[in-house]
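In UniProt numbering, the protein residues as written are 1 to 423.
A hint or two may mislead.
Below, a list of computed lysine-lysine pairs in the DSS-like style, where the Cα atoms sit at most 27 Å apart [claimed, not checked]: (1) Lys17 x Lys129; (2) Lys46 x Lys129; (3) Lys321 x Lys395; (4) Lys129 x Lys245; (5) Lys160 x Lys259.
Treat the hints as calculated values from the structure; they're not laboratory data.
Computed from a prediction, not measured in an experiment: that's the story for all the values here.
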Amino acid sequence: MQRRRPIISTSESKVDKISSLPDEILFRILSFVSTKEAVATSVLSKRWTNLWHYLPNIDFTDIRVNTVESNLRFNEFVYSVLVSRDASGSRFIDSFHLNIQYSDSHLAYNKEFPNLTKWVNSVVQRGLKYLHLRLRVPLPDHFSGYPYFPKLPISIFTCKTLVSLNLSWFRVDGFSFTSVGFEFPSLKTLSLRLIKFSEVRDFMLLLAGCPILEDLHVALVFFYYEEDSHTVQEFKSLTLPKLTKADVSKCWCSCYMVKALSSSVSLCMETSMFYAKDDRVYKANKLQRPCVDIPMFHNLTHLELYNNWDLVVQVLHHCPKLQNLQLYQELYLSISNQQDDQENWVEPEFVPQCLSSYLRTCTIRDCSGLRREYTVAKYILKNAKYLQTMTIWSKREPPEIETKLSPCPKASASCQLSVFDYI
């Protein structure tokens, strides 16, 4: 006898099981979409009407403004979101992400972005923990040389609840950091890219105000005014005791930061950090003298070094527990040095402790076949007793490089040498 299928009433078939889930789960679901998409769910049913008001995250990312109308619509939308949240009694905001790209400089140029200031002023008063701002503005037609940098709202530097701060494409000026008296007692992650400060001292004060900073990323940070000897002395003893990971490149005051990075476990930096520039024309690439004494990196296990390799072994002497080493030779340096690749490197009398006891992997990227590159590679192979792999990436005849290095003496019998074509 054939079994009869159960009859499902129309009302039962239309049961919305998702809407019956607890608020906490629905909030979790909405946290994976942008604020615009979260707001759109308010039309699904009465259950969803006000849910987005209580989301702890506000996310306006990948926004492109192409016309005056789209600029106006976006500003009105952000305003309505913030006002609606306030009206609903939603007081706390965990994170605020804003990433806007203007296609036309005339849409944004020569304005102080008052709406941005209003938005930031509003969210930093809501117990904000994570702030990510990027406002990219193209170069105006009648200017050349540098992009336009919007002004960063000062209220950011008075937000003591921040745990993570990510800023890109802004200028920091028009106020005194000393008078603001800011501090970030909770900040653990700081990322600055394409940021223009009035002077070096402001940037160093920012770092000094982050006592528990753990993760630091700095790239293309520069200044209106040059530093002076007082700046050097004032921050000579700056330390970031909780720092475990740092990535610093193209920072025009990086030599003052070396000691502050000494507690890092993972570090990516340029060897130029250990030098003082003889003038402010960085394209000249002229090095004068060691800027600061190289500190001991007692906790460092992973190191990435860029640019000139003249100081590699000297740096290794200050990294006693280093396990992973990556060396990068920037392309323009490789090309410029091909005509003047003199063998002026003298093998040190003492082998760095990390080579004799700890180093496990070594990677050399952008290898151009210069003599100094072979010299460094041979030295590491000869002295790294526990080296497991040496990997070399090159655009220039990898078989030739492998042929030259394979016969070299190796302190580690198990070391595997690999040379790859860098595509």
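These are the hints, each one checked on the structure:
Note on lysine 17 and lysine 129: the hinted pairing is violated, with a Cα-Cα distance of about 33 Å set against a maximum of 27 Å. Straight-line distance between C-alpha atoms of lysine 46 and lysine 129 comes to about 31 Å, which puts the hinted pair past the 27 Å bound. Straight-line distance between C-alpha atoms of lysine 321 and lysine 395 comes to about 31 Å, which puts the hinted pair past the 27 Å bound. Taken as a hint, the lysine 129 and lysine 245 pair is honoured in the structure, with Cα atoms around 20 Å apart against an allowance of 27 Å.
A C-alpha spacing of about 25 Å is found between lysine 160 and lysine 259, which places the hinted pair at or below 27 Å, so the restraint holds.
Consistency note: the structure conflicts with the earlier hints numbered 1, 2 and 3.
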